[in-house]
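Novice: Dock chain to chain to rebuild the complex, using the hints, since each chain is given by itself in its own frame.
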Amino acid sequence: MEKTSKLIAAPVAWRAVAYVLMIAFVVLTIFPLFWLGYSSLKPHAEIIQHPMALPRSPSFDNYVNAWTEGKLDLAMMNSFIYTTVATVSTLFLALAASFGVTKFPYKSRKFFIGAFSLGLMITMHAVIVPLFLVEVKLHLVNTRIGVIIPFIAFNLPMSILIGVSYVRGIPDAIIESAEIDGAKYRWIFWRIIFPLCTPVVATIVILAFLQHWNEFLFVFVFTTKAAMKSLPVAITQFAGRLNFEYGLQYASLVIGILPMIIFYIIFHAQLIKGFGEGSLKE
Amino acid sequence: MNYTASKKRSYLSFVLPAFVIYIGVIIFPVIFSCALSFVDWKGYGPMKFVGLGNYARMFADPVFFIGLRNNILIVLISVFGQIPLGMLLAYMLHRKMVRHADFFEVLIFLPITMSAVIVAQLWNRIFSPVGILPSFVRLVTGNQDFVMKIFENQTFAFVPIMFVLLWQHTSLYMVIFLANLQRIPNSVIEAARLEGASEGTIFLKIITPMLGGVIFINSILAISGSFKSFDLIYSMTGGGPAHYTEVIAMYMYNTTFVYQNYGYGSALSIIIIVFIVASILLTRLVTRPMGQD
Chain A
143 MEKTSKLIAA
153 PVAWRAVAYV
163 LMIAFVVLTI
173 FPLFWLGYSS
183 LKPHAEIIQH
193 PMALPRSPSF
203 DNYVNAWTEG
213 KLDLAMMNSF
223 IYTTVATVST
233 LFLALAASFG
243 VTKFPYKSRK
253 FFIGAFSLGL
263 MITMHAVIVP
273 LFLVEVKLHL
283 VNTRIGVIIP
293 FIAFNLPMSI
303 LIGVSYVRGI
313 PDAIIESAEI
323 DGAKYRWIFW
333 RIIFPLCTPV
343 VATIVILAFL
353 QHWNEFLFVF
363 VFTTKAAMKS
373 LPVAITQFAG
383 RLNFEYGLQY
393 ASLVIGILPM
403 IIFYIIFHAQ
413 LIKGFGEGSL
423 KE
Chain B
566 MNYTASKKRS
576 YLSFVLPAFV
586 IYIGVIIFPV
596 IFSCALSFVD
606 WKGYGPMKFV
616 GLGNYARMFA
626 DPVFFIGLRN
636 NILIVLISVF
646 GQIPLGMLLA
656 YMLHRKMVRH
666 ADFFEVLIFL
676 PITMSAVIVA
686 QLWNRIFSPV
696 GILPSFVRLV
706 TGNQDFVMKI
716 FENQTFAFVP
726 IMFVLLWQHT
736 SLYMVIFLAN
746 LQRIPNSVIE
756 AARLEGASEG
766 TIFLKIITPM
776 LGGVIFINSI
786 LAISGSFKSF
796 DLIYSMTGGG
806 PAHYTEVIAM
816 YMYNTTFVYQ
826 NYGYGSALSI
836 IIIVFIVASI
846 LLTRLVTRPM
856 GQD
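First to last, the protein sequences are chains A and B.
When you line the first sequence up against my numbering, it's residues 143 to 424, in that order.
When you line the second sequence up against my numbering, it's residues 566 to 858, in that order.
Everything labelled a hint here was simulated from the structure, so no lab data went into it.
A virtual CB, placed ideally from N, CA and C, is assigned to each residue, including glycine.
Possibly wrong hints are sitting among the right ones.
To be verified - Just a few of them, taken from the derived set where beta-carbon distance is under 8 Å, the chain A residues facing chain B:
id, residue
1, P153
2, M164
3, M219
4, A268
5, Q391
6, Y392
Looking at chain B on its own, in the form it has when it is part of the complex (with noise of 0.2 Å):
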């Protein structure tokens, strides 16, 4: 009996110290979260219990939608721009069609060490008007007075955004996808191609299928990853100019500790939770003919 006691007393030791950080950082601040997101505050004074009232405010809320329009941007370049290139990067490595893989495959990762700040520092400098394409369109063009406007139109703002995540997010899928096609044995290539089976095919028929799992799970690393998207936008536009690049957690972040909103900002990181356990579930519904398990 004793000796049982202790051998429990061992197992929470080993188990508890990370579950109690793990609960205290992030279970129970969602908690408060949620209780937070059904008052008014300004983070001192009283708080006034408004019941709904933030999440119909959201509603109402132009730079919500705006916010919730670049969200979904993010995870359409996610969904139809990284996951299906980063499956061909990884196809075309594994099949060998280039020479020297491994130094392709080395140099097309490293972007996904750099931190995200810094990256939008980087490629904000590429595309300012001394940066090296500007200066390169103008060498090319001849036409001297060429700089980019596009950060300054309401429709295409966020583009260079996404292009700088397709940049720097695409080689992660990559990695994934070639860790997983190494496990298909090469014998299912091979006879697909002797029995006249074309590449298109192969890629398309064969592979696709047999990564639906793997699709899945990058499908929900994509949606939750765009949700996250804060540090490169911040540190690119800030959500400027007039919020045409915001993003729900920067709306959600800018709302708490720049306007000092607290009940809104958080029912806002609620909705946000909300929204990646929801396309989680959407996205587990819709790939499930794909044969996931």
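So here's chain A without its partners, still in its complex pose (with noise of 0.2 Å):
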């Protein structure tokens, strides 16, 4: 083995332009970080003044500034709540429909898989018109839920689509023997689907998780209280506009990412699992 990789090693010139393009990519990454993390510790003074030198006392007030002043907390929170609760209904709604269209034998569940991937195409901006009317008609906006069922209605295409091809793996045999026990089907989903489901659940709720803490758009047309705002939102409104302070700004972007940082330190692993594999869907 050792051998044959030996000899079938790519050329020099492809290894340096590899290692180039490599290099490229995570400085781009790495640096405008670590420059925005030491730039966040200065005074707006010295940030004017000296761009690029780390800084002279590093401090944290501007965190503390930027936590209160932008009402971050509160940000934080709802974030928490947006994605905690999005993402757990997605699972168990996609997983259940999953087991649906893919273990009982009726026509319609063509129908459903068909609906379901058409969805795919739909972008959240051809509905955020007539879906903010519907909301103002039914007093959703300004409330969680008025946030929560739209995050969970744009997840669940791609997340029954994920689930159908794992759960149209289970043996059939698994299913029929419990049947033929006199099972009921929910104690069948319970007990036996959802057990056997483990791998695909950790793709579903992490690729949930981060498209739900990331979203922007329904957060920020369906809310107008600073009480209901998610971090993307508050963040993007506290550093863009209304603030001058460089310290403040670049305090409150570090506040925003600083949490994918450590669910990709954790996570990175199955994220880059779970892209690649939404893919493989032959």
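Specialist: Take a look at the structure:
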């Protein structure tokens, strides 16, 4: 094996280009974040006078001020509520639907699968106007539920397609034998299907969590009160337009980026696997 | 008989909750949007039926065409930038052309996890007069007055946005290609190498055709993704200056929620769907010879 891999090693020119490209991407990722990180520890005046220099006396004042002035505690809490509730709901709804359309012998299941895959093509911008009108009518504007339901709906098509391709592979015999023993379908779902789906549960949850956490438009359009804003919306408004204090801007951006970096450090393997496998649908 | 009825009921109880939410939030609004696109309405008061008036207006609207141009630019940077570059990076990682390939993969993929609006703010800070990039240029060139003027340039204001899109999304395609490359048996590449095929030949003549289906899926992702590119641009430039960096989704948003023109806004959102469906059909047509299924 060692010998073969030596034999087929790529030519030097290719390896050189590979290093240049990879290092370029890594530098473009690490360096801006590093610069943002240390600049956020500098006061406004120092940022303007010495944009590149390391902080002379690093201080977390910017963080304290951004946190309170930007009401980022509220935004952080809202982001957690929106993301967690929407992700858990998406998971159960998607797996239940996947079970239904793969393991029951009804013709309409083809229709349901087709309908859900159609959803992959529709962007949220195409529905935001009527959805807003409906939410106004139903008094769902400025409520958490008015944000969470669209979050779920737009994640369902992808989650169901991932779920379907996995549940389909579970042998029918397992379900049939449970049926013969007189088990209720609800029991079969919770006790047999769900535990067998553990790998795909991880994929669905991680992809949904990422999408929900970073979602912008729905929160932006459907909420007007600060008490309902999520982290991306609150930070965009705080860092983008209302604020000329660079230190506070930088600190708020770090607060926005940090949770996802921690999430990535923990889950990067599953995340890369999930995105990669999302495409393996044959 | 009773038994089958209860089985059917179970079936529906599994499928319907997801389906009802999906229909209510996605399909019904699309139909509603279609209906609204034929009226003139301010969001309150009476609606006036204008037939295809909103669509006719689009073709005489210069801002619509700027938006369309920018959307097409995004598709082009995806199809000719992100996808080939992602494929090349994936191939290089797969062939272990660099040491610590996992380390590079993980770091290159990192930007995907960041919210587009925050990424936009980050790069705005980098490009700003007190940002790291102009400061660095000032240090290297000695020109103390250097600032980036590209954002005020009518033709090139969109270039920084395309750069950030390339920076953030190339790795998505890289990861997808990598997952698919790992399913191609190593013996394919080994055999070709042994027979004296160059690395370039293997990449272009053997691997690329084998990934035809994936290239197709990625192109669909890129095209529908381009019409979703609201967040980044809204946060980075807001469409300005003077609509230079407008995209259709943002123009739709402004038309509806800022200028209260619900009919025209709805027509724009229907056009977005039409474009997505049309370009997916077109991509299918073009990539069929590449061995898709």
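Novice: If you test the structure against every hint from before, which numbers come out violated?
Specialist: 3
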